[in-house]
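Colleague: Sequence:
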Amino acid sequence: MLTTLIFDLDMTLLDSLSPCTRGLNRMARHFGMPETTEEIVLKHISLTTEAFWKAVYGKLEPGWFPYFLKEILPQVNAETKCYPEAIPLLDYCKSRQLLLGVATNRDNPWLDIAAFGIAHYFDTVVGAYPGIRPKPDPDIVQEVLKHLGVPASCAIFTGDSRSDMKAAKAAGVRGIGLTQGGITPEELSQNGASWVMGNLNEVREFLERDLV
Numbered sequence: 001m002l003t004t005l006i007f008d009l010d011m012t013l014l015d016s017l018s019p020c021t022r023g024l025n026r027m028a029r030h031f032g033m034p035e036t037t038e039e040i041v042l043k044h045i046s047l048t049t050e051a052f053w054k055a056v057y058g059k060l061e062p063g064w065f066p067y068f069l070k071e072i073l074p075q076v077n078a079e080t081k082c083y084p085e086a087i088p089l090l091d092y093c094k095s096r097q098l099l100l101g102v103a104t105n106r107d108n109p110w111l112d113i114a115a116f117g118i119a120h121y122f123d124t125v126v127g128a129y130p131g132i133r134p135k136p137d138p139d140i141v142q143e144v145l146k147h148l149g150v151p152a153s154c155a156i157f158t159g160d161s162r163s164d165m166k167a168a169k170a171a172g173v174r175g176i177g178l179t180q181g182g183i184t185p186e187e188l189s190q191n192g193a194s195w196v197m198g199n200l201n202e203v204r205e206f207l208e209r210d211l212v
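Under this note's numbering, the first residue of the sequence shown is numbered 1, with each subsequent residue one higher.
Bear in mind the hints are in silico, worked out from the structure with no lab data behind them. Check before you lean on any hint, since a few could be wrong.
[Stated by the list, open to error] Pairs of lysine-lysine residues, derived as DSBU-like cross-links and limited to a Cα-Cα distance of at most 30 Å, are as follows:
#1 K146 with K169
#2 K81 with K169
#3 K94 with K169
#4 K43 with K81
#5 K70 with K94
#6 K94 with K146
#7 K169 with K43
#8 K81 with K94
#9 K169 with K70
#10 K70 with K59
#11 K59 with K43
#12 K81 with K166
#13 K54 with K81
#14 K146 with K59
#15 K166 with K146
[What the hints assert, rightly or not] Restraint-style ranges between C-beta atoms, simulated for each label pair:
#16 I87 with L60: 28 to 38 Å
#17 P34 with P151: 42 to 52 Å
#18 K94 with S153: 16 to 26 Å
#19 G117 with F65: 37 to 47 Å
#20 W110 with E208: 25 to 35 Å
The beta carbon of each residue, even a glycine, is placed where N, CA and C say it ideally should be.
Hey, can you work out the whole structure from these sequences and the hints?
Modeller: This is the structure:
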């Protein structure tokens, strides 16, 4: 029986592509680096912050984190909005008394979702904390299950990336892969998605039909 829904954040609940790209380009200009594009950001947005910078810029400098946390992240969060379908879906899940969790490769996810006004929906939030391997490893998803005290068979993880689906499959959790993150249905299925959907409206319709 389904008791738990777990969500990724970026490009799943949050329409964060444009704000992230603008923030990175403000940072690039400050440090004298070439600017990036939304296509490049989308390709790597599911990575941890360090891995993302290494993928985009080919390096990681010690001074980047303090500047990013003070000057860039607050503005990125201020510009980032939930997808319009996110709040109705979360309201519906709570009306069904489902447990809700977040499994993200962000470094400080509780602070981030508080900034987006959605922290009250979630029973636990797990990010890329020290000692926990980021997705596509299953650690973050497994930590969510551990915090909530539920078996993998009672949970579904909704995400938009290959790494989300790989993490779900490795954790023994059924996965809903969303194509709104730019990944094709074939790729999501090949990486472990049990179902593939276009957006969060389709997830809600799926749940309303009690197919799980």
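Colleague: Against each hint, give a clear statement of whether it holds in the structure.
Modeller: Verification of the supplied hints:
1. About 16 Å separates the Cα atoms of K146 and K169, which keeps this hinted pair within 30 Å; it holds.
2. For the suggested pair K81 and K169, the alpha carbons sit about 28 Å apart, so the restraint of at most 30 Å is met.
3. Using a Cα cut-off of 30 Å, the hinted pair K94 and K169 holds, with the two alpha carbons roughly 25 Å apart.
4. Between K43 and K81 the CA atoms are separated by roughly 20 Å; this keeps the pair inside 30 Å, and the hint holds.
5. Restraint check: the Cα-Cα separation between K70 and K94 comes to about 34 Å, which exceeds 30 Å; the hinted pair is violated.
6. About 20 Å separates the Cα atoms of K94 and K146, which keeps this hinted pair within 30 Å; it holds.
7. Proximity of K169 to K43 is assessed by CA-CA distance (about 21 Å); at most 30 Å being required, the pair is judged to hold.
8. With a C-alpha separation of about 20 Å, the suggested pairing of K81 with K94 holds against the 30 Å cut-off.
9. Of the supplied pair hints, the one linking K169 and K70 is violated, its CA atoms being roughly 36 Å apart against a limit of 30 Å.
10. Taking the CA atoms of K70 and K59, the gap is about 20 Å. The hint holds against a cut of 30 Å.
11. The suggested pairing of K59 with K43 holds, with an alpha-carbon distance near 17 Å, which does not exceed 30 Å.
12. The straight-line distance between the Cα atoms of K81 and K166 is roughly 26 Å, inside the 30 Å bound, and the hint therefore holds.
13. Between K54 and K81 the CA atoms are separated by roughly 26 Å; this keeps the pair inside 30 Å, and the hint holds.
14. Restraint check for K146 and K59: the C-alpha separation of about 35 Å exceeds 30 Å, so the hint is violated.
15. With a C-alpha separation of about 19 Å, the suggested pairing of K166 with K146 holds against the 30 Å cut-off.
16. A hinted range of 28 to 38 Å holds for the C-beta pair I87 and L60, which are about 35 Å apart.
17. Between P34 and P151 the C-beta distance comes to about 47 Å, which sits within the given range of 42 to 52 Å.
18. Separation of K94 from S153 is about 22 Å and conforms to the stated range, judged on CB atoms against 16 to 26 Å.
19. Hint check: G117 to F65, Cβ distance near 25 Å, so the stated range 37 to 47 Å is violated.
20. For W110 and E208, the hinted distance range of 25 to 35 Å is satisfied, since their beta carbons lie about 29 Å from each other.
Hint compliance for this structure: hints 5, 9, 14 and 19 are not met, and every other hint is.
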